[in-house]
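Listed below, chain by chain, are the residues.
2 protein chains.
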Amino acid sequence: METIPLETHLRSLLPVDGTREALITSVIPRLLQSVAAVADALRKAHNVIAAGTANTFGDHQLNVDVTAENLIRNAILNCPSIVKASSEEDPVERPVHPASSSSPTEQYTLAFDPLDGSSIISANWTVGTIFSLWDGASALNQLPSRAQIAAILGVLGPRTTAIIALRMPDTAPSQPVQTCLEVSLDPYTSTWHITRPSLRLSPRSTYFSPANLRAAAEDEAYMSIVNGYITRQYTLRYAGGLVPDVVRMLVQGQGVYLSPATAGSKAKLRRLYELCPLALVVECAGGEAVDPVDGCRVLDKEVRDCGEKGALVCGSAMEVGEAVGKLLVGTGEMGA
Amino acid sequence: METIPLETHLRSLLPVDGTREALITSVIPRLLQSVAAVADALRKAHNVIAAGTANTFGDHQLNVDVTAENLIRNAILNCPSIVKASSEEDPVERPVHPASSSSPTEQYTLAFDPLDGSSIISANWTVGTIFSLWDGASALNQLPSRAQIAAILGVLGPRTTAIIALRMPDTAPSQPVQTCLEVSLDPYTSTWHITRPSLRLSPRSTYFSPANLRAAAEDEAYMSIVNGYITRQYTLRYAGGLVPDVVRMLVQGQGVYLSPATAGSKAKLRRLYELCPLALVVECAGGEAVDPVDGCRVLDKEVRDCGEKGALVCGSAMEVGEAVGKLLVGTGEMGA
Numbered sequence: 001m002e003t004i005p006l007e008t009h010l011r012s013l014l015p016v017d018g019t020r021e022a023l024i025t026s027v028i029p030r031l032l033q034s035v036a037a038v039a040d041a042l043r044k045a046h047n048v049i050a051a052g053t054a055n056t057f058g059d060h061q062l063n064v065d066v067t068a069e070n071l072i073r074n075a076i077l078n079c080p081s082i083v084k085a086s087s088e089e090d091p092v093e094r095p096v097h098p099a100s101s102s103s104p105t106e107q108y109t110l111a112f113d114p115l116d117g118s119s120i121i122s123a124n125w126t127v128g129t130i131f132s133l134w135d136g137a138s139a140l141n142q143l144p145s146r147a148q149i150a151a152i153l154g155v156l157g158p159r160t161t162a163i164i165a166l167r168m169p170d171t172a173p174s175q176p177v178q179t180c181l182e183v184s185l186d187p188y189t190s191t192w193h194i195t196r197p198s199l200r201l202s203p204r205s206t207y208f209s210p211a212n213l214r215a216a217a218e219d220e221a222y223m224s225i226v227n228g229y230i231t232r233q234y235t236l237r238y239a240g241g242l243v244p245d246v247v248r249m250l251v252q253g254q255g256v257y258l259s260p261a262t263a264g265s266k267a268k269l270r271r272l273y274e275l276c277p278l279a280l281v282v283e284c285a286g287g288e289a290v291d292p293v294d295g296c297r298v299l300d301k302e303v304r305d306c307g308e309k310g311a312l313v314c315g316s317a318m319e320v321g322e323a324v325g326k327l328l329v330g331t332g333e334m335g336a
Numbered sequence: 001m002e003t004i005p006l007e008t009h010l011r012s013l014l015p016v017d018g019t020r021e022a023l024i025t026s027v028i029p030r031l032l033q034s035v036a037a038v039a040d041a042l043r044k045a046h047n048v049i050a051a052g053t054a055n056t057f058g059d060h061q062l063n064v065d066v067t068a069e070n071l072i073r074n075a076i077l078n079c080p081s082i083v084k085a086s087s088e089e090d091p092v093e094r095p096v097h098p099a100s101s102s103s104p105t106e107q108y109t110l111a112f113d114p115l116d117g118s119s120i121i122s123a124n125w126t127v128g129t130i131f132s133l134w135d136g137a138s139a140l141n142q143l144p145s146r147a148q149i150a151a152i153l154g155v156l157g158p159r160t161t162a163i164i165a166l167r168m169p170d171t172a173p174s175q176p177v178q179t180c181l182e183v184s185l186d187p188y189t190s191t192w193h194i195t196r197p198s199l200r201l202s203p204r205s206t207y208f209s210p211a212n213l214r215a216a217a218e219d220e221a222y223m224s225i226v227n228g229y230i231t232r233q234y235t236l237r238y239a240g241g242l243v244p245d246v247v248r249m250l251v252q253g254q255g256v257y258l259s260p261a262t263a264g265s266k267a268k269l270r271r272l273y274e275l276c277p278l279a280l281v282v283e284c285a286g287g288e289a290v291d292p293v294d295g296c297r298v299l300d301k302e303v304r305d306c307g308e309k310g311a312l313v314c315g316s317a318m319e320v321g322e323a324v325g326k327l328l329v330g331t332g333e334m335g336a
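Those protein sequence lines, which keep their order, are chains F and A.
Residues 1 to 336, numbered by the UniProt record's numbering, are exactly what the first sequence covers, in order.
Residues 1 to 336, numbered by the UniProt record's numbering, are exactly what the second sequence covers, in order.
With the rest of the complex left out, here is chain F (with noise of 0.2 Å):
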């Protein structure tokens, strides 16, 4: 049975007008291209670990995090429309291309996280690149809601998959553009095919996810989160990967992963390479994605500065919306 190759798929979904051609054609393959590109590297690691002087595949992270950068900065050298990027290991945005080049119809700045993961990498577990696309030449001062089109994980696991969601806020109400979907690589013709049109996120979750849990020795909200969910007997899955455990949700079509932040144990994600992709993704998917501090969208607060961390509740909506009220109301936001 023969599926329906990803451009095809795309095309059907975007506008018709010819205004995301570049999206489609050249930005979407060329990242895609990178996260395999990257996955064979991280496969060709133990190269790294055999020949070095330590023996510990943690002292050779670095080696492994600065080849994903390179292999990914690359990439976008052939791919005229990404016009500036940033990355968690160089998080300043600069032009990709010379200044003598022609200006493309579609602009796009890249903020994206070469291997995220780092606490697990070690282990062979599974870990992810983050790729977070905004219209324009620059993804700060705009409001990601609006300006942050496409989101990419890849998956970099015994297979390599990736989860592409996209939504064009500017779109006829009549025609709304917002999917989220599942590819795999075909790692012998370098294809990837749609596994899985359409991950969706019930509003209700028996799974959760519950990230710095340092913060629950402090925080008697989020202690009584995590003992509600276990007395109620609900399924644990934590990898400490921000990537695999998003990807987890989304594929089992529930969860709630949650990240908050206190005096002690401060907001640990970087909301440019890891909060607004994940929260794009996991809207795209049906779910919501807050930051429990003050209870707002983490997509309606404009990014200022590539370095801005953030506390984040995601997944299944009502399970956010329980955790995030308890959380606020722990932190006496509520009645603020």
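For the record, the hints were derived by calculation from the structure and aren't laboratory data.
Hints may be right or wrong, so weigh each one.
Treat identical chains as interchangeable: a pair holds within one or across any two.
Here are the computed lysine to any residue pairs in the SDA-like style, where the Cα-Cα straight-line distance is at most 25 Å [as the list claims (entries may be wrong)]:
no.	residue 1	residue 2
1	K326	R232
2	K266	P29
3	K326	Q233
4	K266	Q233
5	K84	T235
6	K309	A221
7	K44	P5
8	K44	T3
9	K84	K326
10	K309	T3
11	K268	L14
Here the structure is a predicted model, which means the values were calculated and not measured.
Given chain F, put chain A in place with the hints provided.
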């Protein structure tokens, strides 16, 4: 920098009398070869998804399980020293070779779980293959601490790695053989390199992995243990796959993994295919593996039937002791 070949390294550890020659030159290489084959099959599994009528990996999970089972069964056909085998998919000990085959000097029985981690495989999380190797023509009704001489955990993640644990109880005390090491596959040459020659678990830990957490809803002792870890700000990691969870502890050098049993939430782990090999790995790394229902060491109890299940607390020795102590008090076993 050249690393020592695996065969040379193992030979340097084992008795020089040649009584384990087939183990080194045939059994371990064949089993590692089958790990590489399973990893390859899993990478290709997207074909199953893309070509099938269902579009979730879960629906095709059985296919991948069966493929892994067949790959391993085929690999051991070329290994005369493995005289009997049983697996989680086919839990009956059967002869591997025709009755007319010549009788090898070394005789081993293999018990294996071809693909452990069914709950997380669809999300592209790291999963594992488990091998347990016993002296003689059966794994049943033998003392595991004496008869189970090796265990291999294949780790199928972004890379392909494996943990090899060996213990020869019949070796002279002056020359004890007990080792736990990590090897990594070079996917281009199909060679396994030693990447961590000696894995050790420290007696104390600040990491915890609470499996079967539903049991905590009805077991005050388990709930109190988990809340104790959170209060003391231990780091949570829980993949929900026995191989990735235990391997993470080994690579981190610390951790405690708990899978208790209660009346409402029964023991989940199979003694022959999961508990015994994992216990050997953990003990060979200097940790402990205990059944929290009776406080007995996992390897001190014979397996009577291929289908037996049991509970487990394993990892850093002092953490295991404390947790088991609390669970036994909770069930009243302590005073019995």
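Hint by hint, here is what the structure shows:
no.	hint	result
1	K326 - R232	both (16 Å within a copy, 22 Å between copies)
2	K266 - P29	neither (37 Å within a copy, 48 Å between copies)
3	K326 - Q233	both (19 Å within a copy, 21 Å between copies)
4	K266 - Q233	between (28 Å within a copy, 14 Å between copies)
5	K84 - T235	neither (41 Å within a copy, 37 Å between copies)
6	K309 - A221	within (21 Å within a copy, 37 Å between copies)
7	K44 - P5	between (29 Å within a copy, 18 Å between copies)
8	K44 - T3	between (30 Å within a copy, 16 Å between copies)
9	K84 - K326	neither (40 Å within a copy, 57 Å between copies)
10	K309 - T3	neither (40 Å within a copy, 42 Å between copies)
11	K268 - L14	neither (35 Å within a copy, 47 Å between copies)
Checked against the numbered hints given earlier, the structure breaks hints 2, 5, 9, 10 and 11 and satisfies all the rest.
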